[in-house]
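Got chain W sorted already, so can you dock chain C with the ligands onto it with the hints?
Chains as they are written, first to last, in UniProt numbering: chain W, 1 to 575; chain C, 1 to 575.
Mixed in with the good hints there might be a few duds.
Chain copies aren't distinguished; within one or between two, either way the pair holds.
List time: in silico SDA-like cross-link candidates among lysine to any residue, alpha-carbon distance up to 25 angstroms [to be verified]:
no. : residue 1 : residue 2
1   : Lys553    : Asp242
2   : Lys542    : Arg501
3   : Lys298    : Arg117
4   : Lys388    : Glu363
No lab work stands behind these hints: they were computed from the structure.
Protein chains: 2
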Amino acid sequence: MAIDIRTQALKKPIPVAHYLFNRLYEIGIRSVHGLPGDFNLVALDYIPKAKLKWVGSVNELNAAYAADGYARALGISALVTTFGVGELSAVNGVAGAYSEHVPVVHIVGCPSTISQRNGMLLHHTLGNGDFNVFANMSSQISCNVARLNNPAEIAEQIDFALRECWIHSRPVYIMLPTDMVEKQIEGARLDTPIDLSDPPNETEREDYVVDVVLRYLHAAKNPIILVDACAIRHRCLDEVRDLVDKTKLPVFVTPMGKGAVNETSPTYGGVYAGSGSQPAVQDLVESSDLVLSIGSLKSDFNTTGFSYRTSQLNTIDFHSDHCKVRYSEYPGVAMKGVLRKLVERVDTTKLSNEKLAPKVVNEVSENRDDSETITQAFFWPRVGEYFKEKDLVVTETGTSNFGIWESKFPPDVVGVTQILWGSIGWSVGAAQGVAMAVKDMEEDRRTILFVGDGSFQLTAQEVSTMLKHKLRVTIFLIYNDGYTIERCIHGMEAEYNDISRWNYTEIPTVFGATDKEVGKHIIKTKTELEKLLADKDFNEAKGLQFVELWMPKHDAPRALKLTAEQSARNNALME
Amino acid sequence: MAIDIRTQALKKPIPVAHYLFNRLYEIGIRSVHGLPGDFNLVALDYIPKAKLKWVGSVNELNAAYAADGYARALGISALVTTFGVGELSAVNGVAGAYSEHVPVVHIVGCPSTISQRNGMLLHHTLGNGDFNVFANMSSQISCNVARLNNPAEIAEQIDFALRECWIHSRPVYIMLPTDMVEKQIEGARLDTPIDLSDPPNETEREDYVVDVVLRYLHAAKNPIILVDACAIRHRCLDEVRDLVDKTKLPVFVTPMGKGAVNETSPTYGGVYAGSGSQPAVQDLVESSDLVLSIGSLKSDFNTTGFSYRTSQLNTIDFHSDHCKVRYSEYPGVAMKGVLRKLVERVDTTKLSNEKLAPKVVNEVSENRDDSETITQAFFWPRVGEYFKEKDLVVTETGTSNFGIWESKFPPDVVGVTQILWGSIGWSVGAAQGVAMAVKDMEEDRRTILFVGDGSFQLTAQEVSTMLKHKLRVTIFLIYNDGYTIERCIHGMEAEYNDISRWNYTEIPTVFGATDKEVGKHIIKTKTELEKLLADKDFNEAKGLQFVELWMPKHDAPRALKLTAEQSARNNALME
Ligand SMILES: Cc1ncc(C[n+]2csc(CCOP(=O)(O)OP(=O)(O)O)c2C)c(N)n1
Ligand SMILES: Cc1ncc(C[n+]2csc(CCOP(=O)(O)OP(=O)(O)O)c2C)c(N)n1
Ligand SMILES: [Mg+2]
Ligand SMILES: [Mg+2]
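Excised from the complex, chain W in its bound form:
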């Protein structure tokens, strides 16, 4: 192979793949998700060379879900797929990450630039010589698309893409042709880390916003703080914590914000989601004369069907790319800097706090009935008592996502949900990614998954990947004979909401686990549940625990019923 002049001019020539994977390592990634395919095989050889681990999921959609979960737990993640077939299998998972502001680096091994230029009729193409069609599709769900076609530009493209991914907290798409994988580029660049710092706000503008906010805040009679998804996704939890600690204002989370604040803090008041909230919560939030709304994302399922009764006149919105005080907008002023200055400048002597936040407890006895049936109302507060500090709790679209509102978290519990995108099956992949991140961070924490029987079926095989990597995951599978959430929306007894009955607890065994590696539990009664949740081995197990949890087919959390009714109404609305 002729070494061209450009290569000779390089100080430390290294292959493109080496550069790329070293950058992934540098920004914190330790495991790379994905599946092989002939257009990415040579690139995969460079993964261990960069001290990264290859996860090797069971299919690409699961891998994308896992990458999503991994990024939520560790900060950022990478996914490698093959051209066409692999990347399109993953596209729904990546779209979810886009929708929910999760930074996933999607690297697609694609045909060589020579094959592309010659329009070759290759496998994994549409047969029309168009090699950009999939990148175009992905551009809709990526904040940056990098086509690595020219060695002279590749390092810059990679660095830019990774920075965009992190800053915007959204997926980027990197198209890596087979003939570029081993092209030599400048390795000396690696000596300078990529700058991932948030672009600072313009000082004068930022100060102006802080002043305005403080003016309202000092004047308010019963201000509250409401924390939503984007506070998590755009990494403002330290600022939020400090604000809560200093101001001691009542603080609430939305469903998508659950886990964002310490729920044992004295001023934590619970989950606010409009009419789906507990009455005392709804009352306090909606009677507040100033809502500091941080990172809000007011989707239907996050607001019990748009049922907020707060007024914009009483609201200050903090967002990742702008702030809004009542109706005054401040584009380009990111919340992070503003919140930090608020913490520094707020005059706590000027704060009034007329109403105390409702006390949040796991209402176990209040929801216990005489029967042995495990009801939704009973289960969620009860499981709240089972949670421990630092658990990572993953919940799936369905009854779980609404039930979890009624579980109070111990400190430092991370909540992982996909309420806006709401793709079922996601949680099984995501739990794998979360548990992998925990392992990579060398932390001793539990990943606890709540997933419906319907959702589980879509992505069941990702349990195989959990086993392969000996991940620590406790799965509660809600066994309620089908798509209960859909029944609540439409078709209570419709056949299309039924599913086949699997022998769920045998799934790990079929995937090759021995009985020593996995705990299997079929739990049909409150007594059995109490016994399980009290069991030391179950609580402390390091591997996979699989619980099939029987719950009534037509039973649903209160908030789900309300949301479902509103969805049905909205769907049916005609002009």
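Chain C with the ligands alone, transformed into the frame defined by chain W:
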């Protein structure tokens, strides 16, 4: 609900969903694939009303694969998914159908036109108020996109979309908003069936092409016929059969064309794929002075890496939308009409046929070695003997897709492969669809699936749908410890080509099957294989048979090795 003037003017007002599903029934569909979601639930109520069956797959990708298989077996199929999450999960399956010319009607239940207009922040959106983004993505892999937003146009849009789907033999995308599902439209239109007839060629042009072809054909010394994928997909098999029967010319199929001609016909000569062909086949085809190439699709995996040594000067190409005689092109002249006239007008006394087609047999004894190991070389001819008339044989990307070249089919065997798109896991879904189509056509035929252990893992849960509908499927799972085809391309011992070992034959049991419903067979030796293939119960079983077939990890069919080498070379090629 106010009945508007337009509705009053309708002769037989019926709901949109009723119209749509009745049209699907009319064009031959009996089962509708897909998954529910709140944006399609009300529409699903209309499926049984149109005498259609709801399949209810386990996830959307599997459903799309199944719809692809169903269409290949029955002619056309339908897939219903929900907005965003459902449709994007299916997109890789639909792209495969587009790539491989398979007519699938993809119906996506989406938010109401009112929600869309108001840009509501609904679940299953990207959170940006853009409700067209997914339709735009799908437009790349659909020959028609119909957004059913205006009742006055909907019937016409549906009829047009279904016609396009059929005529072009490619997917169409129909976006059905919740508020349109029950809008009244003109039911009287249903009295007139949709015209699905192929648009005829212009007579003078068609006659001209036929004359030219005949001139070359009558002059040729050893013309042959080569039948490829598009002959199947564009429904020209009757014309092909009549041409072969009348001319008695040697006829060959490509890998993607396998099953297109009667392999017991005296002039059938085998599979031609360039250097991957049997030597006698390659010799005869490449020395022919006139190749009548019908529906060719010369992708890398269909040609052993572009290794044809035929000359365009000796070739006449018949395509669905044009013909080409040597270098003369005839756009707009579709092969179907041309082939029919060729059959009618060919003067058999003027045909010469200097070389006889090689005799095709299943070379079982030739490939039997002394060991008990089931080799690829031995297996495929042997299984050729096991096939029966009218079997439907589904093969997966991997060793199966190449091995099957060495199996001779009895008459009326249908071959189902996805060689161009090549998405692994496809075959499990496709086999469900094929078997469902057989059931719907009330035919007593076997669906036989050959799938690698790696591929199977991606879509394993579709076996659950086979069981739910008591489909008749025999699964041969090639148990060879991972991605053998990828090993042949790159990374023979690489970890990323390994997979977890599952207890495959227990999969049906975990999905709820009793031992009466399913036959489980672990086959490690030639003796065990012989016994199984001779077993009457196995041969005639009406339900699911699951065979775990042990084959050596590094063993691959001859043609696969050649193709893999060429792929690796092509991927690595640098300038
Ligand atoms: C990929 C995808 N397909 C379909 C849907 C529509 N959907 C939303 S929830 C749901 C049913 C979930 O059932 P299950 O997991 O059993 O939950 P539960 O019974 O606890 O409500 C379906 C089909 C979806 N959200 N995502
Ligand atoms: C969806 C998808 N992901 C990845 C690939 C790349 N790929 C092609 S074949 C293959 C391995 C197939 O292995 P297996 O089914 O075990 O076949 P065999 O061992 O018989 O070759 C892979 C990973 C693909 N074609 N499609
Ligand atoms: Mg359920
Ligand atoms: Mg294999």
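Status of the hints after comparison with the structure:
no., hint, in the structure
1, Lys553 x Asp242, "neither (43 angstroms within a copy, 58 angstroms between copies)"
2, Lys542 x Arg501, "between (28 angstroms within a copy, 22 angstroms between copies)"
3, Lys298 x Arg117, "between (45 angstroms within a copy, 17 angstroms between copies)"
4, Lys388 x Glu363, "within (17 angstroms within a copy, 65 angstroms between copies)"
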